[in-house]
Amino acid sequence: MANDALLELILAHPDRIKGYVAVSPNFTDHALGEIDRCLAVGMIGVKLAASRRCTDPLLDPVVERAGRGGVPVLHHIWQNRRREWPGQEASDAAELCVLAKRHPAVPFLLAHIGGGGDWLHSLHVARLQPNVFVELSGSGVDGGMLEACVDQIGVDRLIWGADLTLCTGWAKLRYLEHLLPADAVEKIAWRNAAGIFPRGAFGAA
Amino acid sequence: MRIDVNAFLGHYPFRKIEGGSPALLLEAMKRTGIDQAWVSNLPAMFWRDPTEGNAMLYRVAETQPALRPVPAVHPGLANWEAVLDQAATRAPAVRVDATFLGINPLGAEMGAVVSGAVQRGLPIMMAVKLEDGRQRHPHDRIPDLSPAEVRGLLRADSAVRLIVTHADRDFIEQVHFGSTPAEAARVLWDICWLWGPPMDDIDHLVATIGATRFCFGTGMPLRIPESSVAKLELLRCSAAERAAIEALNASGCSA
Chain A
1 MANDALLELI LAHPDRIKGY VAVSPNFTDH ALGEIDRCLA VGMIGVKLAA
51 SRRCTDPLLD PVVERAGRGG VPVLHHIWQN RRREWPGQEA SDAAELCVLA
101 KRHPAVPFLL AHIGGGGDWL HSLHVARLQP NVFVELSGSG VDGGMLEACV
151 DQIGVDRLIW GADLTLCTGW AKLRYLEHLL PADAVEKIAW RNAAGIFPRG
201 AFGAA
Chain B
1 MRIDVNAFLG HYPFRKIEGG SPALLLEAMK RTGIDQAWVS NLPAMFWRDP
51 TEGNAMLYRV AETQPALRPV PAVHPGLANW EAVLDQAATR APAVRVDATF
101 LGINPLGAEM GAVVSGAVQR GLPIMMAVKL EDGRQRHPHD RIPDLSPAEV
151 RGLLRADSAV RLIVTHADRD FIEQVHFGST PAEAARVLWD ICWLWGPPMD
201 DIDHLVATIG ATRFCFGTGM PLRIPESSVA KLELLRCSAA ERAAIEALNA
251 SGCSA
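Just so you know, the protein sequences line up as chains A and B, in that order.
Be aware that the first sequence starts at 1, since it is given in the working numbering, and climbs by one per residue.
Be aware that the second sequence starts at 1, since it is given in the working numbering, and climbs by one per residue.
So here's chain B without its partners, still in its complex pose (with noise of 0.2 Å):
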């Protein structure tokens, strides 16, 4: 079983890209050898109300039950908890994108989000950035994610649980050794912005972090997903780490 937690449908407002509709996705999918993907509205993160992009992804999910949905929750706008009840029967994740929906990730209105999320029992994605910074679009100006905010949200509730796709070993590195252990244990990092070998960032970060603390993810279409799969492959760790990444943490962080 592989799950990849972090793929996108839909177009992307600063370039084009290929493979954003269900179809190219799942054959995306089949060629890797991805059995399940945890899907967001690509176009929605810009959306200023993201909100009105899951429709199309619970609606995908029905007709395809390997695309997963994991809707847009925006703090500011008075229906997250009308999402977040939806979300709760029906998605693995909601994701709430602080710094592309312009908001305070460690602001009063974040901090509801938070606790109503915990209330129902689903965690919280999140994207360090979507592109390198040496070719975004001169429009693209918004702020990668800090570590220090990912930090803080992980103080902001006890009980919540986070996953974090496209950060990179200095910054998983910088949350993760300044968090108690049980801070630590709530979130998730995702594969995609982290080197292979033979730079080995994923072998050292499951050394010295462990393999319970990542799961899979592509970035697809933004990222062809052959490269996370090639990290994976090429991944030193024992059969059983392997499968936690590959599912296992996702699919639990998920129950």
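In isolation and in its complexed conformation, chain A is listed as follows (with noise of 0.2 Å):
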């Protein structure tokens, strides 16, 4: 239902409006059939939004529809990693890099370093795994976060993004200016996402 919502949006407002399929990979079969009929209607992105740690094999397939469509995959992070306590379910960066690593030829975006976990926890692990871009959005805008995402993964894995409808991301794109040049600032603000979204996803970019 949530994905036939997106696409009447999407419908509305083609040239603003871009779509993530969201899917759960708990129920295998009715995952790959909404990436398939999703993205042939024009979906750019698959969306991993389940309860389900990210390094279980039931990530694998997928993952692997969403490679042969030639989409990114954003994993929304969760789950604070200062330590480890009995029962804890974090998927953060440390499991998204392992399903990346499993799966070398896709695209991963680790959502939200600013409010999915402990961006450092998650940068140190991040940085490793070259098929991982991290997203910048989430209410957390600590002073120092923004500077270690550049000093850890580097303009070239940073991904703008606002988290509409809690943020508009603003602050930090205004922040980012006064931080980098502004070659750099347009890799963070959309050159990077037009290399890793399907060639023609945003138009002309």
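Treat the hints with caution; some may be incorrect.
Claimed, not checked - Pairwise CB distance ranges (calculated): (1) D170/B - V98/A: 30 to 38 Å; (2) G152/B - V41/A: 53 to 61 Å; (3) S251/B - T165/A: 31 to 39 Å; (4) A12/A - H137/B: 45 to 53 Å; (5) D170/B - A40/A: 42 to 50 Å; (6) D29/A - G33/B: 50 to 58 Å.
Worth flagging that the hints you see were computed from the coordinates, not collected in a lab.
Every residue gets a Cβ at the ideal spot worked out from N, C-alpha and C, and that includes glycine.
Both chains are sitting in their own frames, so use the hints and assemble them into the complex.
This is the structure:
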């Protein structure tokens, strides 16, 4: 139902709204069917938002299908990782990078560095996995966070995001303009994204 | 005129931060159009005697008038009256962070300082928290200030004025609507922890509680100041309301 609602929006605003097809890896056949159906009508990525650690083999067919479709996979990371505790079910950069290593040809978006977990923990892991792109949205606006993203990940693997309808992302974009030269900001603002989403997804970009 | 009531100098014990020096703070203020910052000593908030950090604030303010000192008071130390006396002529407010000091926010020691601040015409600043609970250091177990404690402080003295930083909408509503109009009129909330658009918590609160109750604060350098600046600029309100939040409420509170 959510995918149908999103498709309606995309059809109403084809130049401004692009879509991720949201799937639950717990229902493999349904997930694969949704990916095929929604990519065929113009969605440009796959979103993983179900409570399933992304190290789980259940993720593999979903990622393989995304790879065949030539689209990236966005994983909303969750739970902080300051320490381990019994029953912990974190799925953040540590888990995402395990999955990304199994699928090196598929680009992954780690969302949201400012809101999905502990960025100090995540960046140490994400820096080592070249097909993981760090998306910058989230309510966290910690001083030093964007500097750490640039230092650890580099401007070629950072992607700006707003996290609408929660945030605008405007403050971070402004701060990046202070922190970096214009060409680096341009990479983060859209060029890096244009490089991992299907050709033509953003018009002439 | 833009006054940031919620800025810090110095290092943070739980992670590396950029920008804790006066020069870097002034640079960030210039970049974001902030004319004056009320500064607290960040590491001193965690010291057994936070008042040892006050001299640095006064020293910096002597050469940088755009940085106004917010000295810390420890209600459990015998020097609290001397700290208040010094602040009365030199500071826009004092800060008393009972939760950071490990004392009862509604205890007798705190009550004495509240009365002392009232006698000297000083507002009291306090932080609900400094960092997001999802990413604190394992040894940072300082409890958040609670709405009930703020309500209790407002009732502790009929003339006390509070400036509460790092509060979210739920916290503010619990205090505001749990207080009499006279009590609620004696607290100012900084906007740094409130959602701006499209969540629009600030817009909602300005509409329901009123622009008179809010002031501009950034929490820098623990937070990037651009966040609060963007919220202020995107706020849908009148020019008079914006000016009140941007500076007039804070300057009026400290007058």
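Going down the list of hints, with the structure as the test:
For D170/B and V98/A, the hinted distance range of 30 to 38 Å is satisfied, since their beta carbons lie about 37 Å from each other. For the pair G152/B and V41/A, the beta carbons lie near 58 Å from each other, so the given range of 53 to 61 Å is met. At about 35 Å, the beta-carbon gap between S251/B and T165/A stays in the expected band of 31 to 39 Å. Checking the proposed 45 to 53 Å range against A12/A and H137/B shows it holds: the Cβ atoms sit about 47 Å from each other.
D170/B and A40/A have their C-beta atoms about 43 Å apart, which keeps the hinted 42 to 50 Å range intact. Checked against the hint of 50 to 58 Å, the C-beta distance between D29/A and G33/B comes to roughly 56 Å, which is consistent with it.
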